[in-house]
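*Asks:* Below are the chains, spelled out letter by letter.
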Amino acid sequence: MIEFSVNGKPARFDDDPTTPLLWVLRDALGLTGTKYGCGIARCGACTVHLNGAPIRSCVTQVSRVQGGSITTIEGLSSDLSHPVQKAWLALQAPQCGYCHAGQMMTASALLSTIPNPTDTDIDDAMSGNLCRCGTYHRIRAAVHRASELARKAGNQ
Amino acid sequence: MSVFIMTLILRLLPVTPIQSDSFTSFQAFQRAATVLRHPRCINCHVPGDAPQFGSAGEAHAMRVKRGLDGGGTPVMRCNTCHQETNAEVLHGPPGSKEWRLPSPRVRMAWVGLNDQQLCRTIIDPKTNGGMSRDTITHHMETDPRVLWAWNPGPGRESPPMSQREFVALIRTWIEKGAACAP
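Going line by line, the protein sequences match chains A and B. Here the first sequence stands for residues 1 to 156, where the numbers follow the working numbering. Here the second sequence stands for residues 1 to 182, where the numbers follow the working numbering.
A few of these clues could be false.
Residues from chain B that face chain A, not an exhaustive set, calculated with beta carbons under 7 Å [said to hold, decoys possible]:
#	residue
1	MET62
2	ARG63
3	THR73
4	PRO74
5	VAL75
6	CYS81
7	ASN86
8	ALA87
9	VAL89
10	HIS91
11	GLY92
12	PRO93
13	VAL106
Distance windows between CB atoms, simulated [claimed, not checked]:
#	chain 1	residue 1	chain 2	residue 2	range
14	B	ARG145	A	PRO17	19 to 27 Å
15	A	TYR36	B	GLY177	54 to 62 Å
16	B	ASP69	A	THR32	49 to 57 Å
17	A	GLY8	B	GLU84	36 to 44 Å
18	B	ASP124	A	GLN92	30 to 38 Å
19	B	ARG164	A	GLU148	57 to 65 Å
20	A	ASN116	B	ARG120	57 to 65 Å
21	A	GLU148	B	PRO154	24 to 32 Å
22	B	PRO152	A	CYS96	33 to 41 Å
23	A	GLY134	B	THR34	39 to 47 Å
24	A	LYS152	B	PRO154	46 to 54 Å
Note that these hints are calculated values from the structure, not bench results. Yeah, the Cβ is synthetic: ideal placement off N, Cα and C, and Gly gets one too.
I would like the entire structure built from these sequences, with the hints used as guidance.
*Replies:* Following this line, the structure appears as C-alpha cells:
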C-alpha cells in the first residue's frame, strides 16, 4: 500500500508499485488535468509537484511518492486565485492548451524557488516543457506577470 | 669451462620474463580507458555545464545544466526526469541512485583528454573529488552510476568489456603503481 497526499488530501494506491504516477492520478484518482504527452519525460506535459519540486509523472513510479505530497494543476487553487492562474488568464498564454498544465506547474515551482526570475532563470526552468503551438513568448511574459502579481499580493 | 658451468646454471634457473610494473600498470589503465571514454561514462564527465546524451557527444536537450551542486538548476533538477531506475521504455530517461553530474567545483572532466591526462586526472585527489587509490577502486566496483553502464536500459549500448574485466584492469593499474606513463 502506497500512501501519499494529493492536493492536501490523503490518497492510497494498492496495486503495482511500478505504475507511473500519471496513471494513478488520472485513472485511479480522476484528476485528469495532468496530461499525457510523450510518455518518456521529454515534453513536460505531465509535470506535477512532489513535495514542491516538479517531476514528470509519466516516468515516476508511484512507489517514489510514498509518504510524499503531490500537487497537480487542480491543486494550484480552486478559485483561480493563484498568481500563475491569474497571469495565464490575463495574457491568454495558451493556444491549444494541452501542454499548459505542465507549463503552469513548472512556472509555479519556479516562482516558489525564485520569486523574481530573470529571463535566464525562466529559460533554465521552463526549457523541459515543450509547446507545439509555440507560445513560449507568452509563457515567459506570463511568468513575469505572475511574479509581479505574487509580489503585489505579498505587499498588501 | 667456467662459461659452460655458468650457462648450465642459467639454464637451470626458473625463467622469469622481464616486466616493468609501470608498463603493466599503464597498459591496464589504457585498456580500462576504453570504458572510461565510452558514452555511458563520459557523458557526465564533461568540462562544460551541460551533460551529453546519446552516443555522439551531443549536448543534453532541454537546456539541462550542471547547476551549483551537479544536480541541475533549482527548478530543473536531474531527478525531475531521472529516477533511481531506468525507464523501461525506448528513449525514456535512464536512471540510478544519485543520478547527477560532478559538482562544478570538481568537474572530473575527461572529454578530450589523452591517456596520460585522463590517468592523471583520475589519480589526482585534486581532480578526482578527493578519492584515494582505494576509493577509486571501490568507486569503480560499487558506485551505482558506474554499475549502471552495464545496465543502461533499452536502446543503449554498454561499454566494450564486462564490469568484472574493467574492475580487474583498474585493480591492476592501481596495484602496480597507478602509473600514468610508460
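*Asks:* Next, verify each hint and record whether it holds.
*Replies:* How the hints compare with the structure:
no.: 1; hint: MET62; in the structure: holds (4 Å)
no.: 2; hint: ARG63; in the structure: holds (4 Å)
no.: 3; hint: THR73; in the structure: holds (4 Å)
no.: 4; hint: PRO74; in the structure: holds (5 Å)
no.: 5; hint: VAL75; in the structure: holds (4 Å)
no.: 6; hint: CYS81; in the structure: holds (4 Å)
no.: 7; hint: ASN86; in the structure: violated (10 Å)
no.: 8; hint: ALA87; in the structure: holds (5 Å)
no.: 9; hint: VAL89; in the structure: holds (6 Å)
no.: 10; hint: HIS91; in the structure: holds (5 Å)
no.: 11; hint: GLY92; in the structure: holds (4 Å)
no.: 12; hint: PRO93; in the structure: holds (5 Å)
no.: 13; hint: VAL106; in the structure: violated (22 Å)
no.: 14; hint: B/ARG145 <-> A/PRO17: 19 to 27 Å; in the structure: holds (23 Å)
no.: 15; hint: A/TYR36 <-> B/GLY177: 54 to 62 Å; in the structure: holds (56 Å)
no.: 16; hint: B/ASP69 <-> A/THR32: 49 to 57 Å; in the structure: violated (36 Å)
no.: 17; hint: A/GLY8 <-> B/GLU84: 36 to 44 Å; in the structure: violated (27 Å)
no.: 18; hint: B/ASP124 <-> A/GLN92: 30 to 38 Å; in the structure: violated (56 Å)
no.: 19; hint: B/ARG164 <-> A/GLU148: 57 to 65 Å; in the structure: holds (59 Å)
no.: 20; hint: A/ASN116 <-> B/ARG120: 57 to 65 Å; in the structure: violated (44 Å)
no.: 21; hint: A/GLU148 <-> B/PRO154: 24 to 32 Å; in the structure: violated (45 Å)
no.: 22; hint: B/PRO152 <-> A/CYS96: 33 to 41 Å; in the structure: holds (35 Å)
no.: 23; hint: A/GLY134 <-> B/THR34: 39 to 47 Å; in the structure: holds (43 Å)
no.: 24; hint: A/LYS152 <-> B/PRO154: 46 to 54 Å; in the structure: holds (49 Å)
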